[in-house]
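Protein chains: 2
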Amino acid sequence: MTDKLPRITASKIIAKSRLFQIEQMEITFSNGNEVEYERLKGSSRGGVLVVALKDPHTVYMVREYSAGVERYELMFPKGRIETNEPVEEAANRELQEEIGFAARKLTHIKSMTLAPGYMGHLTHVVLAEDLYPAQLDGDEPEPLQVTTWPIAEFEQLAMQNDVTEARTIAAAFIIRSLLEQRD
Amino acid sequence: MTDKLPRITASKIIAKSRLFQIEQMEITFSNGNEVEYERLKGSSRGGVLVVALKDPHTVYMVREYSAGVERYELMFPKGRIETNEPVEEAANRELQEEIGFAARKLTHIKSMTLAPGYMGHLTHVVLAEDLYPAQLDGDEPEPLQVTTWPIAEFEQLAMQNDVTEARTIAAAFIIRSLLEQRD
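Listed in order, the protein sequences are those of chains B and R.
Here this note's numbering is used: the first residue of the first sequence is 1, the next is one more, and so on.
Here this note's numbering is used: the first residue of the second sequence is 184, the next is one more, and so on.
Keep in mind that the hints were calculated from the coordinates and are not lab data.
Backbone N, C-alpha and C fix where the C-beta goes; we use that ideal spot for every residue, glycine too.
Computed Cβ-Cβ distance ranges for the label pairs, DEER-style: (1) Q181/B x P239/R: 21 to 29 Å; (2) T290/R x E70/B: 22 to 30 Å; (3) N33/B x E217/R: 44 to 52 Å; (4) G100/B x Y315/R: 52 to 60 Å; (5) P239/R x N84/B: 44 to 52 Å.
Subject to a maximum C-alpha distance of 25 Å in a straight line, what follows is the list of computed DSS-like cross-link-like pairs (lysine-lysine): (6) K199/R x K12/B; (7) K105/B x K54/B; (8) K224/R x K12/B; (9) K41/B x K224/R; (10) K41/B x K199/R; (11) K41/B x K16/B; (12) K199/R x K16/B; (13) K224/R x K187/R.
Far from chain B, by Cβ distances over 10 Å, these chain R residues were calculated: (14) K237; (15) N267; (16) P269; (17) E271; (18) T290; (19) L319.
Can you build the whole structure from these sequences, using the hints too?
In structure tokens:
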């Protein structure tokens with residue numbers, strides 16, 4: 001195993017937009033190799049993805065327009081964390097904005113990356129339980145379609161054509177493992 | 184359900200680097216709302232992620248420096264698809280570059296997205312079986328550490344500190360479901 005971390009010897013922002021920053025870096029590996037890398041800098045606060053239990057056997061999901069792929073995708077409620085907002089609070093806010101429920105029990109289960117080779121972005125997976133109706137206005141351009149899915153059928157979920165996001169599939173199986181361990 | 188897809192009424196590239204392009208779009212939803220979006224354009228060919236079976240109970244993994252998070256991450260072999268390269272061929276090339284094996288049987292299982300809201304990038308998950316030693320030179324700045332993981336312990340894999348990538352976790356569970364269905 002390579003124990004010695006490569007050294008970042010230089011870095012600068014080479015392009016910038018409202019949402020994205022592209023950073024160029026010079027990296028020297030422990031074998032002496034020097035390589036130029038590019039990575040995306042996102043929000044340092046990251047985002048939350050919320051798996052909310054409707055009952056012990058069922059989760060809530062939403063169908064949302066996804067501009068990157070130009071179609072509707074079935075996914076778990078998620079969103080950006082606001083400044084100084086704790087992870088669990090962000091999860092509870094997104095739930096209220098996207099599915100019209102709040103949770104009495106929120107548990108941060110795992111922090112995931114999207115593409116650690118060129119993105120630092122973190123998505124915090126939160127399990128939401130003991131729900132009650134509560135609505136907050138979100139910033140969605142149209143109302144999301146809220147739906148449910150049986151936990152016993154996550155294999156089928158993962159193979160749906162409108163379920164492609166790795167975070168959705170990873171979070172589903174992580175949460176199911178956790179719930180099975182509890183039983 | 185919203186059946187009518189939003190319309191992209193304008194789009195332009197607003198920033199560009201060696202690896203990334205940032206596209207700005209005007210989108211009109213079926214309710215009349217007009218929203219400005221930004222998305223990343225990556226390679227249109229996408230990438231492959233290869234789950235290679237060492238034996239019926241064990242997969243190969245690699246430990247690779249990940250500049251986005253500035254540490255080593257344990258992951259499945261993966262890489263970009265080259266121009267005109269079929270998915271299975273790209274998978275077999277990456278295997279030979281990263282773990283020193285080729286596969287006689289390659290099966291494209293699922294195409295995943297990273298963040299469909301603002302990225303179009305596709306990662307094709309390929310199951311590689313019936314391996315034999317074969318080495319190709321890759322473009323890695325240092326040799327990857329090759330290791331193995333028991334399929335029966337993917338729950339523990341998903342909770343490792345150096346396993347954060349949603350694609351790794353999603354691919355592991357998808358492949359295990361598939362192998363269980365075969366038995």
